[in-house]
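S.K.: Spelled out, the chains give:
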Amino acid sequence: MLKYVIKRLLLAVLTLFIILSLCFIFIKMLPLPVVNGSTEMVELIEARREAMGYYKPILEQFFLFWGRIFTSFDWGYGEQIYQMQSVTDIIAGKLPATIAVNLYSLILSIPIGLLLGIYAAVKKNKWQDHTISTLVMVFVSVPSFVYAFLIQYLLCYRLGWFPLLASTDTNYLAPEVVWSLMPAIFSLAFGSIAGFTRYTRAELSEVLTSEYMLLARAKGLTRRQATIRHALRNAMVVIFPMILGEFISILSGSLIIESIFSIPGIGSLYVTSITSLDYNFFMAISAFYTAVGLAAGIVIDLSYGLIDPRIRMGVK
Amino acid sequence: MTDEMMNIPAEKFKFTHEHVKLGDKKLQTKPISYLHDAWNRFAKNKSSIVGMVIILLLLLFSFFAPLFSNYSVSDTNLYYQNVAPKISAHATGGFWDGSRKVSTGAASYYYNLAMGVESGRETVTKLYSIEETSDGTTLYTYRQDTYNAVGYEFLNLTEDAYKALQEYQNETGIQVIYPMPITTAQGSGKVMYDVNDANYWYRTYLTGSHRGEPVLDEDGNFQTIYRTSGTDNYNSLRIDGDPGKTDPEASDRYRYALINQTGYRVRVCYYDYYIYLNGFEPCYLFGANASGQDLFVCVASGTRFSFFLAICVAAINLLIGAVYGSIEGFYGGKIDLIMERISDIMSGIPFMVVAILFNMHLAATVGTVGALIFAFVLTGWIGTASTVRMQFYRFKKQEYVLAARTLGARDRRLIVKHIFPNALGTIITSAALYIPSVILSETSLTYLGIISLDNPANGLTSLGTLLSAGQASLSNYPHIILFPALVIALLMISFNLFGNGLRDAFNPSLRGSDS
Chain A
1 MLKYVIKRLL LAVLTLFIIL SLCFIFIKML PLPVVNGSTE MVELIEARRE AMGYYKPILE
61 QFFLFWGRIF TSFDWGYGEQ IYQMQSVTDI IAGKLPATIA VNLYSLILSI PIGLLLGIYA
121 AVKKNKWQDH TISTLVMVFV SVPSFVYAFL IQYLLCYRLG WFPLLASTDT NYLAPEVVWS
181 LMPAIFSLAF GSIAGFTRYT RAELSEVLTS EYMLLARAKG LTRRQATIRH ALRNAMVVIF
241 PMILGEFISI LSGSLIIESI FSIPGIGSLY VTSITSLDYN FFMAISAFYT AVGLAAGIVI
301 DLSYGLIDPR IRMGVK
Chain B
1001 MTDEMMNIPA EKFKFTHEHV KLGDKKLQTK PISYLHDAWN RFAKNKSSIV GMVIILLLLL
1061 FSFFAPLFSN YSVSDTNLYY QNVAPKISAH ATGGFWDGSR KVSTGAASYY YNLAMGVESG
1121 RETVTKLYSI EETSDGTTLY TYRQDTYNAV GYEFLNLTED AYKALQEYQN ETGIQVIYPM
1181 PITTAQGSGK VMYDVNDANY WYRTYLTGSH RGEPVLDEDG NFQTIYRTSG TDNYNSLRID
1241 GDPGKTDPEA SDRYRYALIN QTGYRVRVCY YDYYIYLNGF EPCYLFGANA SGQDLFVCVA
1301 SGTRFSFFLA ICVAAINLLI GAVYGSIEGF YGGKIDLIME RISDIMSGIP FMVVAILFNM
1361 HLAATVGTVG ALIFAFVLTG WIGTASTVRM QFYRFKKQEY VLAARTLGAR DRRLIVKHIF
1421 PNALGTIITS AALYIPSVIL SETSLTYLGI ISLDNPANGL TSLGTLLSAG QASLSNYPHI
1481 ILFPALVIAL LMISFNLFGN GLRDAFNPSL RGSDS
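So the sequence lines, in the order shown, correspond to chains A and B. Here the numbering used here is used: position 231 in the first sequence is 231, and no number is missing along the way. Numbering-wise, the numbering used here comes out as the position in the second sequence, counting from 1, plus 1000.
Hints were generated in silico from the structure; no laboratory data involved. Every residue, glycine too, gets a C-beta built ideally from N, C-alpha and C. Be careful, since some hints might not be right.
[What the hints assert, rightly or not] Just so you have them, the derived chain A footprint on chain B, three or more residues with Cβ under 8 Å:
1. 1159-1170
2. 1349-1359
3. 1447-1453
4. 1474-1485
[As the list claims (entries may be wrong)] With a cut-off of at most 25 Å between alpha-carbon atoms, the simulated DSS-like pairs for lysine-lysine come out as follows:
5. A/LYS3 to B/LYS1334
6. A/LYS123 to B/LYS1046
7. B/LYS1334 to A/LYS124
8. A/LYS124 to B/LYS1046
9. B/LYS1046 to A/LYS126
So here's chain B without its partners, still in its complex pose (with noise of 0.2 Å):
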């Protein structure tokens, strides 16, 4: 039997189902991938998709915010110092207007009520109480518009210049130049608190406890201390009052300008004349800093940069964390034992120290992004790493493997193949939650000035340096930290639910485990 089993002959052999198809039956619907299963998942999880249109809605502020605003991160503006934010150039009503409540003595209150005269720029838009203090001075509340608190201020112009700004007045009607006050005692008490403060154009006490108070006349009005003597090649728009408006020859007539060596010594109103200048109103949507930066462009500059790293940095270090985690839980054994020791070793690194040795040591060669970078990448990969290696050890030894080992699979294509997939899900949940601790992280460090990445010069700036210049003029100008402080929160929030959602998705075992 054995002989004639051993001996068959080739041509007794047959080919049967010679010309049928064999294979697994057809599926009656269609398949639904892995990837797009926990999307489906994670489409019915309302929270994370919230977090989700946040996260979105953050990416798309910060890449076009550029685009919508007249500034740029490297523009300073230091008229325009910590003004409020401004919805549009020409909002009213108290709130995001670019007013601001303050409470003065009436020195100040009259200095700001009398920049609103000449012009009709109103400083003090709102006027809520007059109050008397224990101490015998006057307290005045009222609510004072930022951008019109900048009032006059004395400029040098050349001829051709101030020339052309006559010509500007002429033909738009908009008043630019106002008269000059005089500088010098002159006559009965026509002094000025401050010759250098082109925002004094009344009479002032210089002594006295009214010190800096204007003098009013019976009607309660501001007496005018224009100066009319002299010549000031004039021929423009003049304010009511002044002579010259009726009779351009009378002698005393109000002058518009010094000339002295440099050319023209005048008066402007800023406000006009930064329209003059820049072809638009100023208006900050976030209002500005203490540097008279513009919050809105930072704020989204200080996003994009967040972004920016925590998106590296994750894709880094998962990258890192995926490869040797696979190779741990792949080889096991003594290769596991070891490479587990060294990241057992450095995951005891407090991430800080980390930061500021690399940015001592690095940020001198590759940059104080880079040297950022690297600090993250040198202990960031270790959670990844060890999640992986533990989807190893969960599916290596099972037996879709061993098949694939039979059927002559060589351990790359098992690692990559077979097993890794299933560390996908976990993978990309922990990339999700990885990125608000780099941003944090980063926040915190640039925040507390360990690690400066402030380089106007070519626009950027991060949240954590906003949020410390904020923090220093908090209680004068809360606006400055609010902003930033808003998107950070926000960032973290939509973040973590996307992260939980993501999660929820890929594991339906988890759900709801610590959320």
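Same shape as in the complex, but just chain A (with noise of 0.2 Å):
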């Protein structure tokens, strides 16, 4: 087991490490671009750069860069947006926000996608369950950001419920802060609902078929200790890795959601450097989002085993 871990991180540590420096590659074979801003930010930018050898040949920078980021983690500094402003330092700033958002959504979404998955399940062809697949497949193939122009225009324009942006303030436990940031939240939960209910329900429809079911059910377990007790525990199994993933992924947010309710998260920062061309920014959101996209297939695939010690990881 342990064996296996260190393969696997040790594989997710040399993944990023070859996509972080074609990124670098790519992005230095790219002119830089000019600095606007006042004179003398312009003046310190190009200073600045001619300290961290940007003008050096690509090879020399490349060492350069990683040698920074292995002795101080130093990613630069923003050249565009956040003038000479640590990006390291900007990025931790922006995280909370995205933080907040997708773990309110998440904690909305997984009791009810869980429950109403297992009400389908139990009910299964009936007219309940016809009733929630048929919503769950409308909910999952919609795209988020339309149910945000709905929310935005029923809930915040119309009916006047929210407000129309997100609350700047940055103490995300103040409940007018949530009730700000609730219409991103609701957008975010309706496509995780469904995916949870869709999956719980799979899951558990499988499990209630099988022959320890009716085992259960033959010794004298009433059918709600039945799915309770044996049903629900294995159709976690595979249901829990899931949530996991879901809860490593709350770190990358999502893009459209934030700039459609300007929420000062990692999401419109990283759209932000891309309309700006602010590469330090770029290249170290990218690299957050490579690292969390690899740590959440690690944690899913260890946590099959974690929950279920019949699977055991790394025997052929």
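Hey, can you piece these two chains together into the complex? The hints should help.
M.R.: Okay, here's the thing in structure tokens:
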């Protein structure tokens, strides 16, 4: 097991290294964008570029880049946006907003999704199941930004329940801030509720038809007992890793939802960094997204083994 | 014995069954091919048939919509910015008739109301309520016809154009030119609120709390401020109330043009002038956006582009994935290991990063669309490759493959003829489920403005751009975002239904496993 974990981790680190190196080389092959801003700022950034070796050959820059990251985790400074501010500090400052929105939406969607899925599986092939399955089909397919538009128009503009844009306050536990994030949370939750429902229903309905369920009923358990104690636990073997994966991906957030509701998170920072050609931010956030994706994959795979000891990792 | 057996003369051999045809027993019923069998199962699934029909309708819409519209993507008419959807030129009734509900103050309400008085093209089609607000102003809620709301415009015409327009009026009896209002203060309080706005043909308050509102007479009618002096060379239709209508030589008859150095400055009812220019009435089925483009053709063009891109990308990816997966799965061992590592690493690259980098590097040489296709292709084939690889692992050790190999089939024949067809079903299914994800990614990228495909000159636009333009005016003009969003939602739902149906049809054992 440990050997497998180490192997996976090393592979992930290697993958991250290769991807980032390629990314770096591609970025450096582009001409350095002209800095906008006040004269002093432009001079300052030019001096910084000179000091960071931005005008040296690409190969030399490559070693400087990795050297800085390995020694001091220095991803450079903002050039077009957040000029002369440390990229890592700004990203760290933006993370809470992204995490808050996604975490709230996950907290909202996990119980609803699981309950709906269980209900649909228990009522399989009855009208309740058909209704839920049809709705799930629709909600899984329709992209989250379509809900976002609907919610923004109906709930925020027509009914005026929520503010049109998210609050800029950074206290993400305060009720009024959470209230202003609600439209974004709902937009994200629709899709994930449907996803959880679909998954839970599929897994549970498969487990419910297995033979040990028959045994459980035969030995005298009620249907409820058998479902909760036997079926649900076994279905969780597959559902739990999925939930865990979702928890990791709350870090990356949603580019579109964040820009629709102007949530000051990583996603909108990424979009701004691209449209304003700030390559340092682009590199750092790309690295962050890649790392989150790789980590989610490893955690999902490992959690199978953790939750169900029968699944042995790394055994051929 | 051995000697005897070894040396049997050739003539002792005799053909058996020489005139009997050997072979399998002829089938009693018609054989059903693999694809036919899958189709039979697919046709039984109602929801996937619905999905397929919607896809076909959207395809038809995207290709034939331009034929049914008077407009093209490159047509922009700034007079008709943001006009509401109108199902036909004469639609009325408050739904899909080009009108919208607005709430404004008195000045704006009377401004709209006045437009209908001269030409009969009513801008205010229905008055819902008049409310006193807490700060003492009056709030009018009414239905505004967005096409008539353009009202009147000042135009500078050459003498020929002026004469041609008069001739058109005389022939058809439709009045386009309306009398000029005074532009400077004349007489007692005959003033105009905005001299550049052709819609002020009535007396208005210039100052005070009623600023911009009309000065009404005792009967509540507008008071005209038409110009009566000067010459205009006008010999055509005159409006009611014009003294010149009964007596063409009357000295106080209304003036219909101002003569200046370049020609004639006239005031036209834009709706009628539009008909005069184009020969048809303005009618935007899905409304128009902020640049005055017809959303109907824009949405069709965006859908067409999405289809084109998704099908292109899916075809390329399937091809690469099939070849890559076949080689991986068939040869196994070291080749498989190395190729798997490569695809493992590639699959770790977030699509967004690839799309952005490719757009930065390649957009200049192969165009934005080309760069986008490359970005989709770079990592898109990995999924197909791994399903094909799995199918190869499942089937390559089977006896029939061994039999074919024994009979002398080469690797290529084994791959293409014997094993690959087993993967066909999964490939088709993954294509159908891959297409909506391509459309979604493309829409997201163009929505965020990371990739800009718009090129009205060659009629190219994308649903994402339409969505982001609509989002900007979501609260005032929700129709701009409604139609692209509806099309996107329909595309997603129908492709998913279709793809799930295909999966069930090709793999009956997986039926309902996650739907």
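S.K.: Any of the earlier hints contradicted here, and which numbers?
M.R.: 1 and 7
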